[in-house]
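Trainee: Respectively, the protein sequence lines represent chains A and B. FYI, the numbering for the first sequence is 1 to 114, going by the working numbering. FYI, the numbering for the second sequence is 1 to 113, going by the working numbering.
Hint data in this document are derived by calculation from the structure and do not stem from the laboratory. The model shown is predicted, which means the values in this text are computed figures rather than measured ones. It is possible that part of the hints are untrue.
To be verified - To give an idea of the chain A side of the interface with chain B (calculated C-beta under 8 Å), a few residues:
id, residue
1, G40
2, G42
3, F48
4, V52
In this text, a Cβ means the ideal position worked out from N, Cα and C, and glycines have one as well.
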Amino acid sequence: DVKVTQSSRYLVKRTGEKVFLECVQDMDHENMFWYRQDPGLGLRLIYFSYDVKMKEKGDIPEGYSVSREKKERFSLILESASTNQTSMYLCASSPLDRGQETQYFGPGTRLLVL
Amino acid sequence: AQSVTQLGSHVSVSEGALVLLRCNYSSSVPPYLFWYVQYPNQGLQLLLKYTSAATLVKGINGFEAEFKKSETSFHLTKPSAHMSDAAEYFCAVSDRGGDKIIFGKGTRLHILP
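Pulled out of the complex, with its shape left as it was, chain A reads as follows (with noise of 0.2 Å):
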């Protein structure tokens, strides 16, 4: 079974705090991914990461960064928090295959920024 964990299910912090929030996957996928789902907005691409070091900006990078120095890991960093980036923040990956594969998602974390 593929398996993306998110450290953390729940997180409070307050404007102006660096938030990282990380993601591991199992399944030695080249892809991963960094969304934002707010209600009826759907699912936002904020960035995306094809291989280690490598890392492209999606739909709305303003205000975030991403690193990944490991191929099993991607973090989201919120470099100073506002109260518009409190949102459900979803990690996924999947294989390097143009589109047609899966991709398999974290539980979520759920962010409030104060």
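Got chain A; can you put chain B on it based on the hints?
Mentor: Relative to the frame of chain A, chain B by itself:
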């Protein structure tokens, strides 16, 4: 540019009734199409996907979807709804050149007893 439109942010059906969740896509090339389901407090999991084999795709839990190129649709159906089907459903599309997929805004399915 690719896009996905899901008709209806909320759909209610009675237990035992037909489930029909609508999805239309826009893509300049033959797409790959997906349906994912999200149960409360969980991540998304794949229900089924179309990757250019049979146009009628069968998935888990009795769901199926039919790819209709002429209508640019990929509607999700299940003949008889069960209470456990209550969840949010996402249609998604990807092209054949990359590894990103575009998700629709989701449809929350409510099952009435």
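Trainee: Of the hints given before, which are not true for this structure?
Mentor: 4
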